[in-house]
Amino acid sequence: MSTQLDEYLEAEIQSMLTDGRIAELGITVQRREHLLVLGGEVESGRRRDEICRQINERFPDVHIVCDIGITRASAPSEVEEIS
Amino acid sequence: MIRIAAVGDVHVDKDVLGRFRPALEELPERADALLIAGDLTRHGTVEEARCFVTEFGGLGVPVVAVLGNHDHQSDQQARVSDVLTESGITVLEGDTTVLELHGHRLGIAGVKGFGGGFAGASASNFGEREMKDFVGTTEVIAERLENALKSIEVDALVALTHYAPVPDTLLGEPLEIYAFLGCYQLGRAIDAAPTALALHGHAHHGSERGRTPGGVPVRNVAHPVIKQAYNVYQLLTEHVDAELVAS
Ligand SMILES: [Fe+2]
Ligand SMILES: [Fe+2]
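As they're listed, the protein sequences go chains A and B.
Residue numbers are given in UniProt numbering: position 12 of the first sequence equals residue 12, and the series is strictly consecutive.
Residue numbers are given in UniProt numbering: position 114 of the second sequence equals residue 114, and the series is strictly consecutive.
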């Protein structure tokens with residue numbers, strides 16, 4: 001039986017992302033017709049690759065695309081005056 | 001004039017080492033202090049705390065932090081705090097620190113904070129033991145923030161939390177989880193003192209700017225929100241009256 005792209009799958013992925021080694025609470029999971037889109041941002045490329053690898057491994061029959069970005073960490077160019 | 005840099009939710013582990021450092025090396029040219037709004041680490045381990053110190057330590061400006069929920073994940077928050085403190089970082093939890101900067105006194109009161117929700121959609125201290133424990137925790141933490149804020153007399157007072165004191169800066173997060181992202185009690189504590197600025201993190205998908213019901217500016221400095229190594233805020237700007245100068 002193939003994995004259903006339903007709310008339970010979404011919930012299972014969310015709990016995989018938060019419970020274990022990954023510890024990412026800010027990843028979004030969106031269901032498209034035949035695929036699952038992972039979004040949000042993490043702090044390193046290694047972290048993104050690990051997330052996608054684990055989810056692909058757990059659901060080999062689901063087409064998963066990884067749109068997770070790496071948060072930029074450059075110095076700011078502006079100052080905000082607080083009043 | 002005082003300039004403070006701030007960021008939260010950097011979630012440092014070995015894989016982050018070196019990512020922030022180039023921008024942090026330039027920080028002393030841009031700001032007088034760095035405030036960290038919690039979630040310094042990924043799982044709150046001592047090893048990760050050491051990584052944080054390697055990345056954010058020894059900057060040449062004071063660094064003041066509160067912990068976040070991630071820093072509690074391994075139940076090692078006391079040891080995490082020790083690692084930070086030993087490296088010269090000030091960790092606040094219900095207390096304050098005062099920095100003398102350019103002849104001004106900058107006071108910072110900090111707590112991690114907790115969830116509970118906001119007006120019209122908040123949890124109550126009622127019912128099951130677990131529910132009363134949850135909201136009771138929120139209330140105790142907010143009270144500690146209020147007492148800390150009221151305990152110092154300074155030129156500029158900043159409230160530093162991990163959880164959000166207002167819903168404004170949660171915009172972008174699912175409405176259903178607002179109650180896990182912050183609580184109105186923190187906002188009320190901030191409004192009970194002459195707070196100039198409130199900084200928080202935790203809401204990775206939230207938005208940058210808001211105000212408390214009492215009018216205090218609130219900034220969500222979670223790294224994924226500000227999308228740079230840190231933001232810089234200027235307080236106590238000296239306004240020169242141009243007309244007065246002319247006459
Ligand atoms: Fe975080
Ligand atoms: Fe957090």
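No wet-lab data here; the hints were simulated from the structure.
Source: prediction; values computed, not measured.
Each residue gets a CB set at the ideal place from its N, CA and C atoms; glycine is no exception.
One thing to keep in mind: the hints can contain errors.
Reference listing, derived: stretches of chain B covered by chain A, where coverage requires no fewer than 3 residues with Cβ under 8 Å from a Cβ of chain A [what the hints assert, rightly or not]:
1. 104 to 113
2. 195 to 208
Chain A is nowhere near these chain B residues, computed Cβ spacing over 10 Å in every case [said to hold, decoys possible]:
3. Glu100
4. Asn147
5. Lys227
Right, here's what the structure says about each hint:
1. 104 to 113: Answer violated; 0 residues pass the 8 Å Cβ test.
2. 195 to 208: holds (count 4)
3. Glu100: holds (19 Å)
4. Asn147: holds (24 Å)
5. Lys227: violated (5 Å)
Violated hints, in rising order: 1 and 5; the structure is consistent with all others.
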